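Number of protein chains: 2
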Amino acid sequence: MQIASLARLVEQLERLPGIGHKSAQRLAFHLLNLSEKEAESFLDAVREAREKIHECAVCCNLADQELCPVCRAGNRDAGLICVVEDPRDVMALERTREYMGSYHVLHGTISPMDGVGPEQLRIKQLLTRVAEHDIREIIMATNPTVEGEATAMYLSKLLKPFDVPVTRLAYGIPVGGDLEYADEITLRRSLEGRSRIE
Amino acid sequence: MQIASLARLVEQLERLPGIGHKSAQRLAFHLLNLSEKEAESFLDAVREAREKIHECAVCCNLADQELCPVCRAGNRDAGLICVVEDPRDVMALERTREYMGSYHVLHGTISPMDGVGPEQLRIKQLLTRVAEHDIREIIMATNPTVEGEATAMYLSKLLKPFDVPVTRLAYGIPVGGDLEYADEITLRRSLEGRSRIE
Numbered sequence: 125m126q127i128a129s130l131a132r133l134v135e136q137l138e139r140l141p142g143i144g145h146k147s148a149q150r151l152a153f154h155l156l157n158l159s160e161k162e163a164e165s166f167l168d169a170v171r172e173a174r175e176k177i178h179e180c181a182v183c184c185n186l187a188d189q190e191l192c193p194v195c196r197a198g199n200r201d202a203g204l205i206c207v208v209e210d211p212r213d214v215m216a217l218e219r220t221r222e223y224m225g226s227y228h229v230l231h232g233t234i235s236p237m238d239g240v241g242p243e244q245l246r247i248k249q250l251l252t253r254v255a256e257h258d259i260r261e262i263i264m265a266t267n268p269t270v271e272g273e274a275t276a277m278y279l280s281k282l283l284k285p286f287d288v289p290v291t292r293l294a295y296g297i298p299v300g301g302d303l304e305y306a307d308e309i310t311l312r313r314s315l316e317g318r319s320r321i322e
Numbered sequence: 125m126q127i128a129s130l131a132r133l134v135e136q137l138e139r140l141p142g143i144g145h146k147s148a149q150r151l152a153f154h155l156l157n158l159s160e161k162e163a164e165s166f167l168d169a170v171r172e173a174r175e176k177i178h179e180c181a182v183c184c185n186l187a188d189q190e191l192c193p194v195c196r197a198g199n200r201d202a203g204l205i206c207v208v209e210d211p212r213d214v215m216a217l218e219r220t221r222e223y224m225g226s227y228h229v230l231h232g233t234i235s236p237m238d239g240v241g242p243e244q245l246r247i248k249q250l251l252t253r254v255a256e257h258d259i260r261e262i263i264m265a266t267n268p269t270v271e272g273e274a275t276a277m278y279l280s281k282l283l284k285p286f287d288v289p290v291t292r293l294a295y296g297i298p299v300g301g302d303l304e305y306a307d308e309i310t311l312r313r314s315l316e317g318r319s320r321i322e
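Chains as they are written, first to last, in the numbering used here: chain A, 125 to 322; chain B, 125 to 322.
The hints are simulated quantities; they were obtained by calculation from the structure and are not laboratory data.
Fair warning: this is a prediction, and the values are worked out from it, not measured in the lab.
You may find that some hints are simply not true.
Because identical chains share one entry, a pair is satisfied inside a single copy or across any pair of copies.
[Claimed, not checked] Below, computed lysine to any residue pairings styled on SDA-like, alpha-carbon distance capped at 20 Å: (1) K146 with L217; (2) K176 with F166; (3) K161 with M264; (4) K176 with E164; (5) K146 with E218; (6) K161 with A131; (7) K161 with E135; (8) K161 with H178; (9) K248 with R318; (10) K281 with Q244; (11) K284 with S165; (12) K161 with R171; (13) K146 with H231; (14) K176 with A148; (15) K146 with D210; (16) K146 with A216; (17) K161 with E172; (18) K284 with T252; (19) K176 with R196; (20) K248 with G272; (21) K176 with V290; (22) K161 with R132; (23) K248 with L282; (24) K176 with I127; (25) K281 with Q249; (26) K176 with T269.
Same shape as in the complex, but just chain A (with noise of 0.2 Å):
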């Protein structure tokens, strides 16, 4: 029993990440039961966002327009770049609110055993805007992953020569978290982060 336009959708949604084979037939069947309206809507979506979608000119954040809308913004503090993997790191230090620098995307980290090297990252970029603009502080905040590290690590020795401090994000036990199932790593990092209650 195979109907071989179904498969074929089957197998293209199974490539999509966190998508099992249920779930792939479970949006097949969806994806079928949509109205024509629907579903050109759905279509008109996916190839909209691919053709405005690009790196932003300063930063390498996802941007529709020559500039992402941080950079765009005029209340931002371009001489303070935070370096993250990944657009959705933006987004989420955006949610924070706290936050008024730049940010500078990688769109990846150094990963030899996937086969990304330095080259495959925005790291050319980050350094042409550090050499060309005056900037008073990088923060890492790569993931605090074995890959975010070493990606930290080696940006912050490419960075030494600029002579503008690196800083990295904080490690601890998570707020909300609970002592006992923190990792020792992460707690002894705690540990050493430890600061004065005011």
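Assemble chain B onto chain A, guided by the hints.
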């Protein structure tokens, strides 16, 4: 920090069943990062499946020809009809490799809460089929939910005048399940349906 076409894509993806906001973002970034060729394969698969797939002229299962693969196969017993809610239920039953009869797909259950009445289901087609062909047995294989049960009851009443035996899939404890965790209704049904060990 809003990029209109990205927000639109995420919004479209969030409408898919089982996809929340975070997953929709993840899928959106995946779709943006596809190569031109991969993206075309994806969009084509959706378009093609929607164009080619319709309902089987006999059993209302999904089909890319006039008849679905089951109705087309030469080795199936057309005198036996298994009534299911959904094309996925056909796939599940086919995986057993046990059932060699035919199907009838209702495309839903009677559910007044969701505004689904008998006229939205493929009931007329089932009655026509039973009236015009020599059917020996109709197996109700709707889901063991309130709506599935009610639909099976409703259908068996409608089918009464045709004088065809209507049966129901057995209820009981699932194989590999645990008595301790079985609900009392399942256990009661499983007691009622007990069979002699030969």
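Structure-based check of all given hints:
In the homo-oligomer, the alpha carbons of K146 and L217 lie at most 20 Å apart only across protomers (15 Å), although the nearest pairing inside one protomer, at 34 Å, exceeds that limit. With identical chains, the CA atoms of K176 and F166 are at most 20 Å apart both within one copy (16 Å) and between copies (18 Å). For a Cα distance limit of 20 Å, the shortest separation of K161 from M264 qualifies neither inside one copy, at 45 Å, nor across copies, at 35 Å. Proximity of K176 to E164 under the C-alpha cut-off of 20 Å is found in both arrangements, the shortest distances being 17 Å within a copy and 16 Å between copies.
For the homomeric pair K146 and E218, the shortest alpha-carbon distance between copies (15 Å) is at most 20 Å, but the shortest distance inside one copy (35 Å) is not. In this homomeric assembly, K161 and A131 come within 20 Å of each other (Cα to Cα) only across copies, at 19 Å, whereas the closest approach inside a single copy is 23 Å. For a Cα distance limit of 20 Å, the shortest separation of K161 from E135 across copies, 15 Å, qualifies, whereas the shortest one inside one copy, 24 Å, does not. Taking the closest pair of Cα atoms, K161 and H178 come within 20 Å of each other only across two copies (17 Å); inside a single copy the shortest separation is 27 Å, beyond that limit.
For the homomeric pair K248 and R318, neither the shortest alpha-carbon distance inside one copy (35 Å) nor that between copies (72 Å) is at most 20 Å. In the homo-oligomer, the alpha carbons of K281 and Q244 lie at most 20 Å apart inside one protomer (18 Å), although the nearest pairing across protomers, at 67 Å, exceeds that limit. Neither within a single protomer nor between protomers do K284 and S165 lie at most 20 Å apart by alpha-carbon distance, with minima of 49 Å and 45 Å respectively. Taking the shortest alpha-carbon separations for K161 and R171, both the intra-copy value of 15 Å and the inter-copy value of 13 Å come in at or below 20 Å.
Within a single copy, K146 and H231 get their C-alpha atoms only as close as 30 Å, which misses the 20 Å cut-off; across copies the closest is 18 Å, which meets it. In this assembly of identical chains, K176 and A148 lie within 20 Å of each other by CA distance solely across copies; the values are 18 Å between and 27 Å within a copy. In this homomeric assembly, K146 and D210 come within 20 Å of each other (Cα to Cα) only across copies, at 14 Å, whereas the closest approach inside a single copy is 29 Å. In the homo-oligomer, the alpha carbons of K146 and A216 lie at most 20 Å apart only across protomers (11 Å), although the nearest pairing inside one protomer, at 30 Å, exceeds that limit.
In this homomeric assembly, K161 and E172 come within 20 Å of each other (Cα to Cα) both inside a single copy, at 16 Å, and across copies, at 16 Å. In this assembly of identical chains, K284 and T252 lie within 20 Å of each other by CA distance solely inside one copy; the values are 14 Å within and 81 Å between copies. For the identical chains of this complex, K176 and R196 are intra-copy neighbours only, at 17 Å inside a copy versus 46 Å across copies, given an alpha-carbon limit of 20 Å. Only within a single protomer do K248 and G272 lie at most 20 Å apart by alpha-carbon distance; the minimum there is 18 Å, versus 61 Å between protomers.
Taking the shortest alpha-carbon separations for K176 and V290, neither the intra-copy value of 34 Å nor the inter-copy value of 57 Å comes in at or below 20 Å. Proximity of K161 and R132 under a CA criterion of 20 Å is satisfied inter-copy only: 15 Å between copies versus 22 Å inside one chain copy. For the identical chains of this complex, K248 and L282 are intra-copy neighbours only, at 10 Å inside a copy versus 73 Å across copies, given an alpha-carbon limit of 20 Å. Taking the closest pair of Cα atoms, K176 and I127 come within 20 Å of each other only across two copies (10 Å); inside a single copy the shortest separation is 35 Å, beyond that limit.
Within a single copy, K281 and Q249 get their C-alpha atoms as close as 16 Å, which meets the 20 Å cut-off; across copies the closest is 73 Å, which misses it. Taking the closest pair of Cα atoms, K176 and T269 never come within 20 Å of each other, the shortest separation being 32 Å inside a single copy and 46 Å across copies.
Violated hints, listed in ascending order, are 3, 9, 11, 21 and 26; each of the other numbered hints is respected by the structure.
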